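Sequence order for the protein chains is A and B. Numbering follows UniProt numbering, with no gaps: position 283 of the first sequence is 283. Numbering follows UniProt numbering, with no gaps: position 212 of the second sequence is 212.
Because the hints were derived from the structure by calculation, they are not lab data. Given the structure is predicted, the values throughout are model-derived calculations rather than measurements. Treat each hint with caution, since some may be false.
For identical chains, the list gives no copy identity; a pair is met inside one copy or between any two copies.
Stated by the list, open to error - The calculated BS3-like cross-link candidates involving lysine-lysine, where the alpha carbons are at most 25 Å apart (straight line), are:
1) K167 <-> K78
2) K136 <-> K167
3) K448 <-> K348
4) K505 <-> K482
5) K78 <-> K320
6) K215 <-> K505
7) K434 <-> K136
8) K215 <-> K167
9) K180 <-> K208
10) K180 <-> K6
11) K136 <-> K348
12) K6 <-> K167
13) K434 <-> K448
2 protein chains.
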Amino acid sequence: MNARRKVYVAGSRPDIQVPFAEVDLAGDNPPVRLYDTAGPGSEPEVGLPPLRGPWIAERGDVAPSRGAGTPLAAANGKPVTQLAYARAGVVTPEMEFVAVREGMDPEVVREEIATGRAVLPANINHPEIEPMIIGKRFLVKVNANIGTSAVTSSIAEEVDKMSWATKWGADTVMDLSTGKRIHETRESIVRNSPVPIGTVPIYQALEKVDGDPTKLSWELYRDTVIEQAEQGVDYMTVHAGVLLRYVPLAVGRVTGIVSRGGSIMAAWCLAHHQESFLYTHFAELCEILAKYDVTFSLGDGLRPGSIADANDEAQLAELKTLGELTTVAWDHGVQVMIEGPGHVPMHKIKENVDLQQDWCHEAPFYTLGPLTTDVAPAYDHITSAIGAAMIGMFGTAMLCYVTPKEHLGLPDRDDVKAGVIAYKIAAHAADLAKGHPGAQAWDDALSKARFEFRWEDQFNLSLDPDTARAYHDATLPAEPAKTAHFCSMCGPKFCSMRITQDLQKYADEQGITVAEAAQAGMQEKSDEFVDAGGRVYLPVTS
Amino acid sequence: MNARRKVYVAGSRPDIQVPFAEVDLAGDNPPVRLYDTAGPGSEPEVGLPPLRGPWIAERGDVAPSRGAGTPLAAANGKPVTQLAYARAGVVTPEMEFVAVREGMDPEVVREEIATGRAVLPANINHPEIEPMIIGKRFLVKVNANIGTSAVTSSIAEEVDKMSWATKWGADTVMDLSTGKRIHETRESIVRNSPVPIGTVPIYQALEKVDGDPTKLSWELYRDTVIEQAEQGVDYMTVHAGVLLRYVPLAVGRVTGIVSRGGSIMAAWCLAHHQESFLYTHFAELCEILAKYDVTFSLGDGLRPGSIADANDEAQLAELKTLGELTTVAWDHGVQVMIEGPGHVPMHKIKENVDLQQDWCHEAPFYTLGPLTTDVAPAYDHITSAIGAAMIGMFGTAMLCYVTPKEHLGLPDRDDVKAGVIAYKIAAHAADLAKGHPGAQAWDDALSKARFEFRWEDQFNLSLDPDTARAYHDATLPAEPAKTAHFCSMCGPKFCSMRITQDLQKYADEQGITVAEAAQAGMQEKSDEFVDAGGRVYLPVTS
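Whole structure, please, built from the sequences with the hints as guidance.
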């Protein structure tokens, strides 16, 4: 029996089928439904079915861009974005899907998107996704970065990492491939991904000029963006806030510019002594993104790469510019989120959210960690999960994971899982701290199972059932241990939960409450307890 | 060459030799000194040398308790505690040792101990320790729990875990052994430990009555405490705040009583219908602890074991009682710290510190985690490192680690390391957030090494050099990669740090600053840059 299985909840129309992982529990405990990102499962050679195909078609506002069979684009010059629909008062099937998924009113979803406080990244050329939403009123989301580098990895490996990441809970995946075969790698990832895919187009553009940033141009970049938009990329990181005059602000830093996109654009600006083409052509870029409903992820090219550089002038100057660009994008009907740091000590985290929300007009914040110390390479999933949980609590909408390999090498499959798990913890801890409706039900169900020694229920409710079960079985592998009222951590005599249960059980048998037993004048009941065997430990087999 | 080695810094007298781990760096970068807990290294069969022996003897206030060769005790009825000395205005060698260790004025150390805001756990029968201090003005400390259980483990394994824990940075170790041979296990641990050892004496007392808490008595407990004090236990968890009238408050909880000591005492109170003997005999207990300088760790027997139970009436009622007991202990000259939870969502963490500091008169707070969600068994070192970092930032003085096996089984060697590392991260992140003098120097040195591609320096400065090096080498094992200006994460063309460096280098060669190059009217410099090859990437071999 598989106690954890996929179920679908229907919306107002039969083709809105929202996935959940449902966990059956023992006894009369009701099953628990968990948010599920794993998708329906795909054959890499076939790809996923186009769930959103009919929804996109029936709006009647898109058409093949260059004749039958070519990618879709807006047909009549108007933005085909969820933002445009939301502003027009339309609750799209995508919006209803996320409403069911989040347990929220569809009208709230529409309103949050319409105001720009949330984004629903959903390129019209990526019909395979199960829609999701990123915004501070919703569950905190997690992004996983994957992608080949010039030094290592293959397409098949990266598609596997994408599936693996969504199995463990990644809400979006960024394909940061560099090196050879970027287009083909991305095609495989997009066609098989049940979650929105993000990219950083400047990476591919740079490959097209053999890695020389001074050879980059607006035209080359534009064509790369269109190529990716036609493939179905749902959101794109654009470092349009790295202005020529900000570059010197990063010079005195301990770690200079640590964003790849930021350093590329800084090099271009200095070499050409011109303002960044991403900034000067930003309105044109908005027009392109509006045609496919690609969401902006305005990159923080000047984010701090060390504790010493946190919240400095360079970082904040860029953030202010991102706020200006947000307004421009919104004017073009394009959805926007804002990227944030990076490396930030705990006491400087809140300021990041407060300034971003203020300067960027409450556009969703999407941060990398932040890492709360620089001293633990190989453990930066932990140094950053601390910062991620806190920044999530303060209102960040999506957390970009950091893996144990950060700063050291390209993450492998195990690293991807370690990063996703650490960030699901951070995101859920933030949901609890924000008092997100329903978030605590998961904790309560698991803790109740723990207290009642329903080991299988506890495993099945865990973020990672496989590892929880394996750790338990490492010291008590026998099947009876799965119903034992203790584990090897404390052994039978020292299990406090068991003692508490036994106290309650004794009181129940005696027809009194524990409160009564503790009240003054109940000496005889105490005597009875001692007389009745007096032991609060029952035999192991009980 | 071992770039990371132990050095000793002398105090005002030659026998005060304070250990540090010194890391030599390349070029003209000064070496970095890190706080070091590993001790001088011991042969398990021999034990460590009695560093503090002369200091204890020369105070002339202790004597063998039962003739030559028996354990020491106070000789003249006065407390022989660091608290008593501090109040008398004496800076002991132990205090000077920690002053050097923390880079603080010895008078500050004395003052913090005298007021009770810090403790220096140092039993007169544990001369082997390298003194350390626990208080909010000092570096945040980490405790590692080890110990046999009835189900698993051996003495040799536990001594090895203790050494292993201190190697990775544990500041104190609690021996929570239950089952067989508790006395012998503790003896081996104490004699070999360079850090203070804590215990929970009720565990051994319970073994003496075959696990039946109703058979416990003050006399049996008292004798167990004396036995352990004579062995050299430095601090003891005493759950004296679990009062009879508080037990019913825990009944409606999701997870009842989760402290072993708390549940044992609750069972005793209910069975006997009497107030806890730990509470009624507390003054007598203080007199005993004062004779050996055993520090109280007043246990939180009613701590929450789930998110649902955090900061509830049961927990807070007990905390208030711990505040009363603190005053009693101080009146007897006994050092005190206060234990705290447990499972607490992020938004309820600060209240724990604020109430504890208020009600317990600023006695040091010593918390287990807290875990910020219940849903991730097998990853509770991470769920709790989040809470630990935050509670440390708010003023908690010592963090009790949680390992990946929490709730599932007894931690093995790997779990101990994982727990210690996660908590060293939390503690250091808290030190940074508190602005502890000198804390950021470590981050800055490592980040500078990272930015300058001094890979070996980066590894040697890491919290875990072995794993950092192994992760790097997993994809780029060749020796030249150790000086390469990139890693496999981004590859050579996309290394942002390298691009930034190259920009700086170009500017330096041209005799201009990057700021100048970015200023208006510097077009010719930009042209020069492009003419001069224009590439910001140098060959890999450069």
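Right, here's what the structure says about each hint:
1. K167 <-> K78: neither (36 Å within a copy, 64 Å between copies)
2. K136 <-> K167: within (24 Å within a copy, 42 Å between copies)
3. K448 <-> K348: between (37 Å within a copy, 21 Å between copies)
4. K505 <-> K482: Intra 21 Å, inter 63 Å, cutoff 25 Å: intra-copy only.
5. K78 <-> K320: neither (28 Å within a copy, 65 Å between copies)
6. K215 <-> K505: Result: close only across copies, 20 Å inter versus 77 Å intra.
7. K434 <-> K136: within (9 Å within a copy, 28 Å between copies)
8. K215 <-> K167: neither (40 Å within a copy, 52 Å between copies)
9. K180 <-> K208: Answer is within; shortest intra-copy Cα gap is 10 Å, inter-copy 69 Å.
10. K180 <-> K6: neither (37 Å within a copy, 47 Å between copies)
11. K136 <-> K348: The answer is both: 20 Å in one copy and 20 Å across copies each meet 25 Å.
12. K6 <-> K167: within (12 Å within a copy, 45 Å between copies)
13. K434 <-> K448: within (22 Å within a copy, 37 Å between copies)
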